Structure formats: C-alpha cells, structure tokens
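Participant: Below are the chains, spelled out letter by letter.
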Amino acid sequence: MRANAAQYELIAPATLDDVLATLATGGYTPIAGGTEIMVALSAGRLPQKPLVSLQHLKELRFIETTAEAYVIGAGTTFSDIRHHAGLAADLPLLAGAASWTGSIANQNRGTLGGNLVNASPAADSPPALLAYEATLKLVSATGSRTMPYTAFHLGYKKTALLPGELVYSIAVPRIWTGYRSYTRKVGTRNAQAISKIALACLARIEENKIADIRIGAASLSAMPMRCAATESALLGQPVTSQTVEKARAALASEARPIDDIRSTAAYRAAVAGNLLEEFLQQLST
Amino acid sequence: MPETIQPAQLVGSNPIRKEGRAKVLGQARYVDDITMPEMWYGATVRSNIARGRILSISFPPEIPWHEFTIVSAKDIPGENTIVHLTKDHPCLAAEYINHPDEPILLLAHPDKRVLPAAVAAVKIEYEVYPAVFTIEESEAEDGPQVWNPNPADVAHHHHLKNTFKTYLLQNGDPDEAFAAADFIIEGEYHTGAQEQLYIENNGIIGEYLGDEGVKVQGSMQCPYYVVHALELVFDLPREKCRVIQTETGGAFGGKEDFPSVIASHAALLAMKCGHPVKICYDRGEDMVGTTKRHPSRTRHRTAVSKDGRILGGTIDFAIDGGAYATLSPVVLSRGTIHAAGPYHWPHLIVRAKAMATNIAPHGAFRGFGAPQSLFALERHMDKIAGVLGLTPEEFRRRNFLKTGDQTATGQHLLEPVDMQALLTRALKEADYHAKIARYAESNKTDPIKRGLGFASFFHGSGFTGSGERRLNSLVEIDLTPDGRPRVLMGSTEFGQGTNTVISQVAAQALNLPYEAIVIAQPDTGHVPDSGPTVASRTTMVVGKLVERASRSLCLTLTNSGYVPRGYTPEEFQAGAIAYLAEHGECKVSARYEPVGEIFWDDEKYKGDAYPAYAWAVYVAEVAVDTRTYQATVTDFHALQEVGKVLHPILAEGQIQGGVAQGIGYAIYEKCEYKNGRMMNNQMTNYIMPTSADLPPIHVHFEETPSVQGAFGAKGIGELPMDGPAPAILNAVLNATGIAFNTIPLLPEDIFERMTRTSDTGSEALEPAVDRDTRVEAEVVA
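Line by line, the protein sequences are chains A and B.
Sequential numbering of the first sequence, starting at 1, is according to the UniProt record's numbering.
Sequential numbering of the second sequence, starting at 1, is according to the UniProt record's numbering.
Note that these hints are calculated values from the structure, not bench results.
Certain hints may be false.
To be verified - Dumping the calculated BS3-like pairs for lysine-lysine here, alpha-carbon to alpha-carbon at most 27 Å: (1) A:Lys246 x B:Lys674; (2) B:Lys161 x B:Lys444; (3) B:Lys674 x A:Lys157.
Said to hold, decoys possible - With the Cβ distance kept under 10 Å, some of the chain B side facing chain A (calculated, not the full set): (4) Val119; (5) Ala623; (6) Arg627; (7) Asn675; (8) Met679.
All of these numbers come straight from a predicted model, not from anything done at the bench.
All residues carry an ideal CB built from backbone N, CA and C; glycine is no exception.
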C-alpha cells in the first residue's frame, strides 16, 4: 500500500437519497465495488478526495425481469449477473462479459454501474450493452432521467453523467429471439486479463440478408464504441466474401486503436477485422 | 489421516508435507506477519534515472523529518558493498547511480502509513550520464563505459569494456570441422528477462543488538550468504551476524542474492533508530527493484555432415547482467556448460561473456543460465535438421551423448545415460508421430494451426565444477529433549519441499517414522552452513549428508548401548532420552566429500562440470490461432531421468510448476522497459499464465539411481525450466512453418511475421531459411 488510507474520508450514508444529497453538495466521489479505486489507492495514484460508498445500498442491487426487458441495478455485481439464469439464457453477450471480468474476487465486488462509469475503453461489459442498446436510468438529488447507453460515452474516460448524478439502473430489452450472437475477448491471457480487443455482435438474417446488425467493441478507440460504419456496410447485404471485405474496410476506417503496454494498434486493428470475419462466417453457416 | 508409512519405504513414498499443516491452517508466520515490540518500518528512496551522479539531496519542509530516521551511505559502519563474487555493488548509492530504482536513502518511522509520502517527498538532483540497456549497446565500441571492476578485484576480471566475466570452453579445433563440413548452419537466438514472481515479496526484519551485533530474520534462500554480506556492511565478525529464515513463500532464485541487500538495509535502519525495523516490499517495488532472469543472445555456427553428424561448432553466448556483477559470473558458467546440450561435439568452442547494462542487476532464477543457452541450442537443432532434410528426431538421434562418452568439457559419463530411450518414450507418450501427421492434414484448412515440438536436454545437479568442494557443506543432527532426531542445516524450505524430503531421508536412514524427525529453523546462530539452497543441490548433496549423519547418529546410540540394535521407535526415543540424561547433548555431523574422483579445471573449463546430470525430453503441443495470432500450449509431456524419485508427488509438482514457468517464459512473460525501468511491474500487466492458459502437464520419470545423491536421487528443481521454451517454439515451427528465435513470443510478434508483406521482406515459409535470426543458413558443399 503506497497510500495512507487514513488520510481519505469515506462516508456511507444509509440510503440512496442520503447518498444523492451528499453528492449534490459536490466534492464527493462515489465508490461501489472499489475494484478500480482501490487499485489506484494501493499504487499511490488516488487523488486525495472524499469518497461516498454505494456498496452497501441494497436499492442499487437488483435484477428485475419484465416481459420487455431486464432492468439491472447499477450496484449489481458481475457475480450476480453471471449466476442469473435468465440473463445467461437471454443475454449471452452480457453474461459472457461478466464471466471474464477480472478474477472471481473482482466479480464479487465489481458492479455493472461502476464498470460503465469508470468508462475504460477496455472494459468488458460495454460492448455487450452497446450491442443490446441498453437504456440507462440516471438519478440525482433533483430527479431522474433516462438516456440510451450509446450516448453515454463521450471520450476517453468521459461520460454524460452530470455532477451529482449516479447510474441507477441499466435496462436491456428482451427482443433477441431470432438473433445470432457472437462475442470474443482477446486478452493478454485467458483469465484475469484486460482486453486487447473485444467484440460483441448481434445479427438477424432474413432471406439470406443481414436484416439487423449491432457491433460493440472494446479497446478499438478511446471509449467503448458501437461500430456504426461497419454496421452500415453490412446492413441489407448477403454474407459473401465481398461483403466481408467491405465490412473489414469499414471497421478499419472507424477504428482508432492505439499502441500501449498491452498491445499494438496494428495488431488490434487486424484482430478486430479477423473477429468480425469470424462472426460473419458463423452467420453464413 | 494418511496411513503410517513404514520407515523402510519412506523414500519413494508421499508423506504429507512437513510444514503443510501450518500453512493450510494459516498458522505459518511469514515475515510480514511478525511484529516485535517497538518495531519501526523501513522504506527505500530510489533513483529515478538510469545512470548519473547525485548532485544534491534535499528534504522539503512539508514532511516532519525529525520523526524519521534517515540512513545514507555515510551511516554504513563497514564497507559500502553488497558482496557476492566481487565488491562492485554498493549497499546504498553514495554518488554514482547505475540503474533506475537504485537505493540511495533509507527511511524508518514507527507508522508505516506515512512512509510512502516521505519517500516521494525527498528531492534528489542528478547529473544524467548516457546509459546502455542492451547487450548490443553495452558492447558497442562507441558507447559509454558503464561499469568498471572494483580496483581490488581488477586482476580477476577481463579487461573488455563493460564485461563482468568471460569464459572460453575449448574442445578440439572447430576450424577443422568447418573445413570438412557439408553444411555450415548459423543462427542467432534471444531470450528475455523474466520475473520470479514468488507469491511472498521480499521482506526482512533487522535488529541491532549492540555488542551482540546484528540479527535479521525474513524471507530468503541462503542465510549464510546474508551473514557474509552483513559482516562487510557492519564490519563485524561472522558470529555477530545472526540470520534467521522465516517461512518463505516462494523464491525460484529470486531470494538467493537479493536478501543480502534488504537485510543490510533493515539492519542499518535498526542500528540508527534503535528499534527493530521491518522492510517489506510491495509487489511494484519488488518487481522494479529486485533481480530477474538474465536476458541473453546466443550465436551458433555449426558444421555438419550430410549424413547428419555434428562435426563441430562455435557458440557465442552473451548475457545481460544488469548494473552490477552480483551472480552473473556463475550464471554465465552454467549457461556456458549447458550450451552444448546432450550431444557429442568432436570440436567445440563456447565463448561466453556477461555484460553490464544500466538495468537493475539480473540474478539467480531457476535454471541459472541453462534455460538461455539450451533455448538457443534446441531451436538450432531443429534448424539444422530442416537444412539437412532430416526430422528433428533423427538428427538428434545421430548426435546424442551416451554412456561412456565425453561431454563438451571432457567429462566421462560414467553413470548410465540413454537419451535414445528417453526420446522414444517421450514421443510415444505424446503420441507425437500420429499427431503431427494428423495436424499436417488439418492445418491445410483449419484456421487454428496445430503442431508438436520437443527439446532434449540435461541439467547438472549441484554446484559447477569445484564448487561443491569449495562450499564444504556441513550438516548436523542432534537430539531434542524428548528424544527425537533434529536436523540442523542452513538449507531452507521455500515451498519446494526441502523439509519433507530431508525428513524422509533421515527417517529412512534412522529406521524411524517420518513424524519423528524434527527440522530446526534455519538460524545461523544454531545451524551449520550446509551451503546455499540453490543449484538443484539440496536433495542430492545435502540429502546425502543427512543420510550419512543419520547413520552416524544411529551408530552413536547403538554402539554406546543406549539403543538396542534393531530398535523400535519407542526404544530409540527412550534410549535417546537416557543418552541425553547422561551426556547432556548428542550431536553428529557429516561434511561434504566428493563421491568418486571429481576433477575440474577452472582456468581451462575442463573436467567434471557437475557431479551428476538429470536427462530429459519435453514434448509440447501448440495451437496457433491465425485470427488472434495467439500460440497456446494445448498439451505437454515432460519425461526425465532424475535418479531415484524420493517423493513422487512433490517431484511431479516441481516439474509441473517448472513447466508452467517455462510456458510463461516462452509465450507470455515480457518485461517491458523504458529507459531501463520495468514499466509493467504489476501482476495485471506482467502476464504470467493462469490455470486457464496452461495445458495438462503430464510428468513421466525414469529412475536410474545415482551414487551421488541421497538414496540415489539427483537434482530436479531447475531442470523443468530448461525444456519448455525451445519445445514450444519448435512446435510453433511445426504448426506454422515459421521459425521464431526470440522469446517471449507474443501474439504481436506472430502477427508481425504472419502479415509481413512481400515488399517488407516476405517470409518464405521454409524452415531452413530463417530471416528472423538475421543470419542465413550457409550451404558450402
């Protein structure tokens, strides 16, 4: 531990309303599972700022099932998601992402809301939620609002969350009957790894053509991204080798990968194209 | 409860680990679990440049410095040196800096939480000098001179620039071989640094006891090395430097030399502040500040006949020792001797050198130079086979050493060696022939390319050459007040099973139950120097001493009549108690004696390099996914002849762990440096393989008892580190047709090679043509 934990203020108000009232005063940073903040603290990289805990708030930890959607509380852990039979059956992209996030210990602490708000471009759950077109409910002391998740990420570690606002829940529609799904994470190793590149894809084929397509990607730009140009190149097309080539070109045109300690931009771009091709080949069989 | 094992069958059985119960119950106390009254905590202020001179050190006023004890080089009562083989390595940098994160100052405070901010606040200004970070930069004629031998030792060093040590191993005249060769095949091979990644970081508690001298306890392999280091730093006689090993959570060589540094630091702080001082590194500090495996470069030039015989060759072996010599000369020595492998070389020259760079000193790590030179050799063997149009198997079969042959150092192999049979069995266990035929077919269409490769190798047990004689190890056994034999030795348990195996040996030799044997905590105040716990020597060499001392104890008690011949355990115990009542103490000892003639010439590098060798063939199966360019090891067979296997479960565990570490070395673990500083010093970005990345590891033993070791045992600790990397890269060659000659081999490297276009130098996927080595195969016939 390279920091003095005693020098940090940490409060844990009893209810969500109390937490929101605290956040409204400004200056507090929320901490949920702590799987990001505690790492920074231990490394001596966490700025001295007061923290408000969300971890104890049962109000944020739930999975509601309706006919139309799953509504997942922001404080729901990856383990909760991973072990939920309905999510595993209906939202395999999300259940898969939860299963390969960090270690079991991380999965027991880390929350879905925290994963989105932390906004790492390499995070595991965003590609799935982008593909599923999730809707976020955001709350603050003054009220609540909803927004499409695709509009949430604005830049590197930058989100649409306003000061004093928290993610309350993530709603994922249940409309995937007839869709083919594909997800693959290429990490530095097979477990306890941060992704070098990851794709989460959904597609519906009608009359041998792609009638709907959604592609979410991690580590392909400064933020989790929906690959809009690639989707346009594929929509309405039959899966032919020509289509595959066009899709690869479109993906290359919109990808903005970087060189970092985990991999190279060239590798990320090429492997993203290969994964896309693997997905499209599976569609054609 | 396990069944009681009859003493006569203890060796070769699997009693539970001696310290296993305490570890499982959480009762084992590691250094970070230990506190002492009035204990303070220590931390280290380190350089943030690779090379230069300290201009000034200042202490900004925001920290209440009066609460801290601050130690600098000026506070060292003896010599400012950490002695290993020479005295180039300062305990604390006084003026010149030679690597990033070099210790400059030590701080101690009663509250460890305030230390990080204080360490960060110390302001040091430097004059920055040019630095070198690779073997090539170090040997460059126009580059800076970054290392000079200690003036007192200058006679022992080669006068080449930046060179810690050189060896020349010469056997015959390779020029004759080149003149007669049908083919001359060259290759260049590189290996990277590797972190030991023991679970428990380095940690020591130091005490200064006035007239009684200094006392340290902590995590370490070699308590007597630490004694030696403290003698110089504190200018104290040996008996006033007491060193105690506490429960140690893994070491792999990483706690062979480095504990001398941290022990000196903790004891210096203790002396100045008047309290016991504990220093425990966190993972980040341990990874940037302590030793790693030496990176290497090996150049082979080999003369072969067209019928596949090695006629001779030259091997140029260079290792990167980092900023100070530490153990580099002996790492280089083992690498030099293993460079020739288990093959017959009619003519061979090995030219070896250890170079200085401005990186934290590289040090001991399981294998100790052999994994580096054997990687090069076993890749090169596959390359030669490809040029000759022979299979890797057939080429090796035509050149294996056999019983009665001479090794490259001229050692006659008197004990039985059968590499042919080992190779046959290993390939059969791995289903090698059927699988390579099957994969050759499936690779035509499958995006996942599969293949198999193997490595044939040996590993010398014990210290090199005259080393064991120089160590002159001593083991004692005494009796506890309740009449149990207690083994006294400086050899340490750090997860590998020393205490268990030594107890088996003692119990069987004394015809007593395993549970009756007590192992004394390694405390240099009470145990003799049985040599360092390194070099695959403990089971073989120290075990033999324990066997001899046990027999001596048996004779002492039976000849004196206290214990009847053919005693039961109860009779032994009663007799032992009676003996103690009469004599007060009962202590026997055994000192090292060479078994048979062992001749070694350190100057000419000729003779009996090791008392015994373990022999092995490892077969790796890989899958290379052409979509992700990731090579994965999908199956692994490790066959070795290691003499008598004393504890099959521990032995199998040693091999599996070593293979896992070797897989990491080959295709996962890369130390990323920037200006000499390791950048990925966290377990999240230093990529050690997890169980999800590892294949089934099948371990097979052949047992040919050796006269050298306890009950016929030879060493196994380091052996499994040698084979995986070349076997895996040979398998990648078999799977993809691409010869890779540098490890670690990461997906980005495979991507780069597989997608290289013709105008950037296309790879003809022909194993004999190997542009990656930067040297072409040269055909002279």
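Participant: Give a verdict on every hint.
Facilitator: Now the hints, each set against the structure:
About 39 Å separates the Cα atoms of A:Lys246 and B:Lys674, which puts this hinted pair outside 27 Å; it is violated. Our distance criterion of 27 Å between C-alpha atoms is broken by B:Lys161 and B:Lys444, whose separation comes to about 51 Å. Simply put, B:Lys674 and A:Lys157 have alpha-carbon atoms about 25 Å apart, close enough for the 27 Å limit, and the pair holds. Using the Cβ-Cβ criterion of 10 Å, the hint placing B:Val119 at the interface with chain A is satisfied: the shortest such distance is roughly 9 Å.
Contact between B:Ala623 and chain A, as hinted, is not supported at the beta carbon level, the nearest pair being about 12 Å apart and thus beyond 10 Å. A least Cβ separation of about 4 Å between B:Arg627 and chain A falls short of the 10 Å threshold, and the interface hint therefore holds. Checking B:Asn675 against chain A: minimum C-beta separation of about 15 Å lies over 10 Å; hint violated. Of the supplied interface hints, the one on B:Met679 holds, with its beta-carbon coming within about 6 Å of a beta-carbon of chain A, less than 10 Å.
Of the numbered hints listed earlier, those contradicted by the structure are 1, 2, 5 and 7.
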